[in-house]
Amino acid sequence: MKRRSILLITIACFGYALLYMPIASVVVYSFNASRLVTLWGGFSTRWYVSLLHDDKLLAAAFLSLRIAVISATVATALGALLALAMHRVRRLPGRLLLSGMITAPLVMPEIITGLSLLFLFISMASLIGWPATRGAATITIAHITFSMAYVVVVVRARLAVMDESLEEAAMDLGGRPVAVFFDVTVPMLLPALLSGWLLAFTLSLDDLVISSFVSGPGATTLPMLIFAKVRLGVTPDINAITTIIIGLVIVAVTTAALVTNRRRATAA
Amino acid sequence: MSTATPTVPPWQQWLRRAVRVPYLWLLLFFLAPFLIILKISFAEPVIAQPPFSALLVWGAHGLQGIRATFENYSFLFRDGYYGIIVLSSLKMAAIGTVLCLLLGYPMAYFIARQPPRRRQLLLLAVILPFWISFLLRVYAWIGLLDNHGVINHLLLSLGIIHKPLTMLYNNFAVYLGIVYSYLPFMILPLYSTLERLNLDLLDAAADLGARRWRAFVDITLPLSLPGILGGCLLVFIPAVGEFTIPALLGGADTLMIGRVLWDEFFVSRDWPVASAVSVVLLLLLIAPILWFQHLQNREHEAST
Numbered sequence: 001m002k003r004r005s006i007l008l009i010t011i012a013c014f015g016y017a018l019l020y021m022p023i024a025s026v027v028v029y030s031f032n033a034s035r036l037v038t039l040w041g042g043f044s045t046r047w048y049v050s051l052l053h054d055d056k057l058l059a060a061a062f063l064s065l066r067i068a069v070i071s072a073t074v075a076t077a078l079g080a081l082l083a084l085a086m087h088r089v090r091r092l093p094g095r096l097l098l099s100g101m102i103t104a105p106l107v108m109p110e111i112i113t114g115l116s117l118l119f120l121f122i123s124m125a126s127l128i129g130w131p132a133t134r135g136a137a138t139i140t141i142a143h144i145t146f147s148m149a150y151v152v153v154v155v156r157a158r159l160a161v162m163d164e165s166l167e168e169a170a171m172d173l174g175g176r177p178v179a180v181f182f183d184v185t186v187p188m189l190l191p192a193l194l195s196g197w198l199l200a201f202t203l204s205l206d207d208l209v210i211s212s213f214v215s216g217p218g219a220t221t222l223p224m225l226i227f228a229k230v231r232l233g234v235t236p237d238i239n240a241i242t243t244i245i246i247g248l249v250i251v252a253v254t255t256a257a258l259v260t261n262r263r264r265a266t267a268a
Numbered sequence: 269m270s271t272a273t274p275t276v277p278p279w280q281q282w283l284r285r286a287v288r289v290p291y292l293w294l295l296l297f298f299l300a301p302f303l304i305i306l307k308i309s310f311a312e313p314v315i316a317q318p319p320f321s322a323l324l325v326w327g328a329h330g331l332q333g334i335r336a337t338f339e340n341y342s343f344l345f346r347d348g349y350y351g352i353i354v355l356s357s358l359k360m361a362a363i364g365t366v367l368c369l370l371l372g373y374p375m376a377y378f379i380a381r382q383p384p385r386r387r388q389l390l391l392l393a394v395i396l397p398f399w400i401s402f403l404l405r406v407y408a409w410i411g412l413l414d415n416h417g418v419i420n421h422l423l424l425s426l427g428i429i430h431k432p433l434t435m436l437y438n439n440f441a442v443y444l445g446i447v448y449s450y451l452p453f454m455i456l457p458l459y460s461t462l463e464r465l466n467l468d469l470l471d472a473a474a475d476l477g478a479r480r481w482r483a484f485v486d487i488t489l490p491l492s493l494p495g496i497l498g499g500c501l502l503v504f505i506p507a508v509g510e511f512t513i514p515a516l517l518g519g520a521d522t523l524m525i526g527r528v529l530w531d532e533f534f535v536s537r538d539w540p541v542a543s544a545v546s547v548v549l550l551l552l553l554i555a556p557i558l559w560f561q562h563l564q565n566r567e568h569e570a571s572t
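Residue numbers (the working numbering), protein chains in the order written: chain D, 1 to 268; chain Y, 269 to 572.
You may find that some hints are simply not true.
Here's a subset of chain D near chain Y, in silico, CB distances under 7 Å, partners left out [unchecked claim]:
{"hint": "1", "residue": "Gly15"}
{"hint": "2", "residue": "Leu19"}
{"hint": "3", "residue": "Val26"}
{"hint": "4", "residue": "Leu84"}
{"hint": "5", "residue": "Pro109"}
{"hint": "6", "residue": "Leu115"}
{"hint": "7", "residue": "Pro177"}
{"hint": "8", "residue": "Leu194"}
{"hint": "9", "residue": "Asp206"}
{"hint": "10", "residue": "Pro223"}
{"hint": "11", "residue": "Ile244"}
{"hint": "12", "residue": "Leu248"}
{"hint": "13", "residue": "Val249"}
Calculated directly from the structure, the hints in this document are not laboratory data.
Each residue gets a CB set at the ideal place from its N, CA and C atoms; glycine is no exception.
Let the sequences and hints guide you as you build the complete structure.
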């Protein structure tokens, strides 16, 4: 028995090392003064400084953030409506088709989603003249479409364990449906809406394949720029970007954990 | 207001109307693109913008005919290249999935056997990297695996090897990338079945004199089968169509359908063939996807 648990611990340690080793090495080498990966040239923040002067990179980062905020917000609103309708409306017309269209984007290879959306935009352009050029707008539409499905999953999980009697009570007291929706349902769903938004935001910020297909000549998102750079190997400034993103993720996750802990503490 | 209850509550009426917006959105931006890709896969390539022929021929009196060709598909079958790519994608995804299972199972088992508080922490540590950009995490391996990279440097300076190991731009790197990227997808379903597993059964087996290993093979393994299947499908399905991992870590001989599709589209600009390749890829994935959905439904019924 003893021997077996040692084996288990060894495998688990190996697994965790595998998960964290690449990230750790990027963080360490982002502070390397030398351009070479293996040569340690001393501690330096020069790659971070060079990021600030890289206009193309800053523009791409700004574009990605803008697309991520807009698409996450729209996807959360539409996804929450879909989840509510799937959960609450009896005899929803076209339910089977809808549940298919909600599940399919989760398992669809990105490359097909990207290709098919591009074909749609081209067909639309020749039929109705819009979109005349592809760029931020078409990328945003594409991101809304695939991240909506993830929001639906998160919100439905919350709805499954939610108490409906509060809404019924508000309705019995004469609350208008829209008022009840925003005063009762939305606050109760808030944690799920937030995590759905965060998931959609992350997925959008991270997407390379779909954006590459539906983008036009003018619009380069951060992942597209990074991909073009790292195809040729390691570059120190990408190490610096990675480190900044890791830092942001750590801050976000810690804040989220602290907020939920405090909430639990006040609820208890 | 307090008179007879309407057949459909106002709340539902409102929701019913509001849901039309996302419904139409999905019809337009999800279903329609599909039909278009299907349509183009039956079109002929032409040198024009867009580079494919029209399927429906319109005349003065409306629709005059449909000009569909199976040429793109028969090309895929005649040209052995695509057959090899399909088989190679399936093989690489399958090997990657098995490797993922071999690492993920002991990890999930280990986590499920910890005290509850530590369990949460260990599970969080599995999920955490997921929030960091997938592209950047795959990129991070380049610095580790390169001939002049961290691992080779370490092994050389320790005197374990005398010339650098070729670990990057080959299938080894792609397998590693698949295991690394999809490990959380394997561990989570495995953990949830292993955690629910009735420990009394194992104790009973031990009391009856069963060897630990025997108890594992006869009891734990069969009972965790749903988790194994779920995890494997969650890794296998995205791995078949994976683009980023073979594009960044793979070599020239790494044949994966996602990458070929990308080249067919961006490099060769043969859109009808790219569409036909997409349709074939989807057909390949339909069986595992339906299987996964079947598993999910059964799980759902079991829990309610």
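Hints versus structure:
no. : hint   : result
1   : Gly15  : holds, 4 Å
2   : Leu19  : holds, 5 Å
3   : Val26  : holds, 5 Å
4   : Leu84  : holds, 6 Å
5   : Pro109 : holds, 3 Å
6   : Leu115 : holds, 6 Å
7   : Pro177 : holds, 4 Å
8   : Leu194 : violated, 14 Å
9   : Asp206 : holds, 5 Å
10  : Pro223 : holds, 5 Å
11  : Ile244 : violated, 10 Å
12  : Leu248 : violated, 9 Å
13  : Val249 : holds, 5 Å
The structure fails to meet hints 8, 11, 12 from the earlier list, while all remaining hints are met.
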